[in-house]
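Q: Sequence:
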Amino acid sequence: MTTERATFDEPWAMAFLPGTPWLAVTERTGALHLIDPASGKQLAVAGTPRVRVAGQGGLGDVVPGPTFAEDGTVYLSWVEGDGSASGAVVGRGRLTVDGDAARLDGLTAIWRQPPTSGGGHFSHRLAFSPDGAHLFVSSGDRQKMEPAQDLSTTLGKILRLLPDGTPAPGNPFADRPGAEAIWSYGHRNVLGLDFDEAGRLWASEMGPQGGDELNLIEPGGNYGWPRASNGSHYGGGEIPDHADGDGFVAPSAWWTPSVSPGSLLLYTGDAVPAWRGDALLGALSGQALLRVDLEDGRAVATQTVPLGNRIRAVQQGPDGSLWLLEDGAGGRLLQVGVG
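Here the sequence shown stands for residues 1 to 339, numbered as in the UniProt record's numbering.
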């Protein structure tokens, strides 16, 4: 059972802001909103970046920084560029709310994806480690495929940065020029990043034609794209399936036909007690909520909960409540498990 709390225009991401009543919601077209789910009050945030809205580009993720409670720092991702080349950007600024006015001040870019032709697979999902020491960023392959295996570029990778955007010390390729920020590689289009209660990083990834994945991320791990996938190329071209001994990290769970996972939450709440500790994925083409039952870092079962609409984002409230965000024009903010 779900209850509608608000609607948005092409929403992409949401995040509850600690110590406040606010849920931050991004719209791909460039707007950032704050909503108080309890009262329904909404504020439009001034000071957002200029974004390139084309293909899959636009305003992307929003997460509170580890020091949000002290200084209001939030992190955003977006796409910049022109008709010839574009790339994802990560920036941070200070969010202030004064009565009915909300503003983002001092927004500064701290990381940039290499500008590339085309309009897809930016990924640009953000997640802080549980201790707040590291910022993880997914950087898509930009539909070029081969860069995902090339350690001289950040395309097709998951990155581990310090909160200021510089490569974190101790990364697996820290001594390799150009690869200092890389945490894992061989990725196509990671649109979900989250940590479980044991501090393990998980990622949901859109495959090609089939082969969507849930992966447990290992430092230095090669996840195979485009050398291995349980899907096939658009047009029918075959890709070798993941296999024992192929040198690649196989997915913990995978889906064929495609379900298009657009987000990931490792659920720790009590609104749906049976789902605690499980991975929840919002399915776009699958128009469902996907649940993966996890035990000791292993996927042991999957469940599909049909919802009849494309689910762009899944989030947990500070009280353990469960929230969904629909994709597209008029995308609804839904609270799960209440009447």
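What the hints contain is simulated information worked out from the structure, not anything from laboratory work. A couple of the hints might just be wrong.
[Stated by the list, open to error] The following label-pair restraints were derived from C-beta to C-beta distances: (1) Ala46 - Asp244: 49 to 59 Å; (2) Thr108 - Arg276: 15 to 25 Å; (3) Gly317 - Asp100: 35 to 45 Å; (4) Ser39 - Ala198: 47 to 57 Å; (5) Asp296 - Thr256: 35 to 45 Å; (6) Asp296 - Gly106: 40 to 50 Å.
The beta-carbon is built from N, C-alpha and C at its ideal position, and this holds for glycine as well.
Q: Which hint numbers does the structure go against, in order from smallest to largest?
A: 2, 3, 4, 5
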